[in-house]
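Let the hints inform the model, and build the full structure from the sequences given.
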Amino acid sequence: MSTPDTTTGGHGDISTGVAGGDSNASATRITPGNALRPEDIALEVKTGLVKPSGDIAEYALRLGDDALILAQRLGHWISRAPELEEDIALGNIALDQLGHARSFLTYAGAAMRNEDGTAKSEDDLAYFRREHEFRSVQLFEQPNGDFAATIARQFVVSYYQYELYLRLTESKDETLAAIAAKAVKEVDYHRDHSSQWILRLAGGTEESRTRMIHGLRLMWPYVGELFRDDELTQRLAEAGAAVAPSSLKDDFDRLTAEVLTEAELEVPDVPAAPGGGRQGKHSEYLGYILAEMQVLAREHPGASW
Amino acid sequence: MSPHGNPDAPASAATEINREAPKAAPSPEQLAQPEHHDRSAWGLWEVFVRSSRGLSHVHAGSLHAPDAAMALRNARDLYTRRNEGVSIWVVPAEAIAASDPDSKGSFFESPQGKDYRHATYYTKSEGVKHL
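The listed protein sequences correspond, in order, to chains A and B.
Count along the first sequence from 1, then add 2; that gives the number in this note's numbering.
At position 45 of the second sequence the residue is numbered 29 (this note's numbering), and the sequence of numbers has no breaks.
Source of the hints: derived by calculation from the structure; they are not laboratory data.
Incorrect hints may have been included.
[Stated by the list, open to error] Derived Cβ-Cβ restraints for the label pairs, each shown as a range: (1) B:Trp73 - A:Trp307: 34 to 42 Å; (2) A:Ser81 - B:Asn67: 20 to 28 Å; (3) B:Asp99 - A:Trp307: 56 to 64 Å.
[As the list claims (entries may be wrong)] Calculated from the model, a selection of chain B residues having no Cβ within reach of chain A, i.e. all distances over 10 Å: (4) Ile72; (5) Pro76; (6) Ile80; (7) Ala81; (8) Asp84; (9) Pro85; (10) Gly89; (11) Phe92; (12) Glu93; (13) Pro95; (14) Gly97; (15) His102; (16) Ala103; (17) Thr104; (18) Glu110; (19) Val112.
[What the hints assert, rightly or not] Quick look at which bits of chain B chain A covers, simulated, 3 or more residues with Cβ under 8 Å: (20) 44 to 56; (21) 62 to 69.
Just so you know, even glycine gets a beta-carbon here, dropped at the ideal spot from N, CA and C.
This is the structure we're talking about:
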């Protein structure tokens, strides 16, 4: 996930020499542009510029795990999507999520220690935790299913994440706010992608409409868990550092209903799943995802490629 | 697992390429609903990207999409992943009229040798300012 050493080069610093923002845009040269990167956060952690409290770290871990598990799920579509163009679209979304995960996990790791006393890196957290130590909610680990099921999951995730990151940009924790500011623009596009497909699948053929309805029914039991407050989010929300999940629900309900109405679909009436991902209780799927994601790093600790 | 765009979407140059190799003889149901299995309903679009303010849109490549809105999004995903663009145009490939490669001689060779069409052909007359 990371370059070996963020201070001395590697592909992490391709923007070296590109100072300033759009004012430096050149007509003849393509630059990677300037934006907050996980490497920047790692550098701040290393030099001691930022150090999250235990609460903030736990919160960042939650958001990072959500994004990481979704990235792993979406990555499975690469070379398997219905069309080449969609392959790239889902791959881009997966990479966006992986970027958010790297930022959140790097930040969370700054408050956690390995046995040798060093701060935990994003890789330590991604590859060397066990299933019950992951804090992602269960929606993110749900199987890809068919394309419509994936779109249904993307629809819920992106509308939830958009409301979350939009508010998190106001966080009193500057690093969380900065990660959210970068992520919210990307998630805005994910919203557009999923809603475009909801409209097309629902309004396409009888087959695509049936699958879209089925996909939404598969994912909707896991919606409730997204908006559940607990002691941690209450403490952090009162301190102005985090967003109370329950505060997102009205806007989520309103905006998703708009899309569903346009697609002539109904909000699925299905019983809610028990949830518990934030406490490390996961559905049967997460173990398999982790096995695939972690096997290489565990087989060859310290390997880089 | 085959999301279709608008099955009524106009056919395009892409229909020449059968992207779905038949693996088995079609079942009677498939024969009864041929349009539901016609993935070439995704038309071909040409993509033009403007890399920066003040420059013109340049042809970047082509892609398949069920309609213009999705073509723009696919173009964004395919051709601006590395910060290449500030604006995208998509055009149905069939809407582009192209010159005939076989008429290269009559179309493009006529200006050759007509150096009087270039400013450098002329010598500056004496006493002319601002040239």
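Consistency of beta-carbon spacing, Asn67 of chain B to Ser81 of chain A, with hint 20 to 28 Å: For Ser81 of chain A and Asn67 of chain B the Cβ distance comes to about 25 Å; the hint holds.
Exclusion check [Phe92 of chain B not at the chain A interface, CB over 10 Å]: Answer for Phe92 of chain B: holds, closest chain A Cβ roughly 28 Å.
Range agreement (Cβ of Trp307 of chain A with Cβ of Trp73 of chain B, hint 34 to 42 Å): holds, 39 Å
Trp307 of chain A and Asp99 of chain B - C-beta distance against the hinted 56 to 64 Å: holds, 58 Å
Non-interface label on Ala81 of chain B, tested against every C-beta of chain A at 10 Å: Given that every Cβ of chain A is farther than 10 Å from that of Ala81 of chain B, nearest at about 25 Å, it holds.
No chain A beta carbon within 10 Å of Gly89 of chain B's: Per Cβ check, Gly89 of chain B is outside 10 Å of chain A; nearest 35 Å; holds.
Proximity test - 8 Å, beta-carbon atoms, the segment 62 to 69 of chain B to chain A, at least three hits: holds (count 5)
Minimum Cβ-Cβ distance from Gly97 of chain B to chain A exceeds 10 Å: holds, 33 Å
Ile72 of chain B remote from chain A - nearest C-beta pair above 10 Å: With a cut-off of 10 Å, Ile72 of chain B remains clear of chain A, as the shortest Cβ separation is near 13 Å.
10 Å cut-off, C-beta based - Ile80 of chain B kept clear of every residue in chain A: Fine: 19 Å to the nearest Cβ keeps Ile80 of chain B off the interface.
Given as non-interface: His102 of chain B, which should sit over 10 Å from chain A by C-beta: Correct as stated: the minimum Cβ-Cβ distance to chain A is 26 Å, above 10 Å.
Beyond 10 Å from each Cβ of chain A, as asserted for Pro76 of chain B: At about 15 Å from chain A, Pro76 of chain B clears the 10 Å cut-off, so the statement holds.
In summary, the structure agrees with every hint in the numbered list given earlier.
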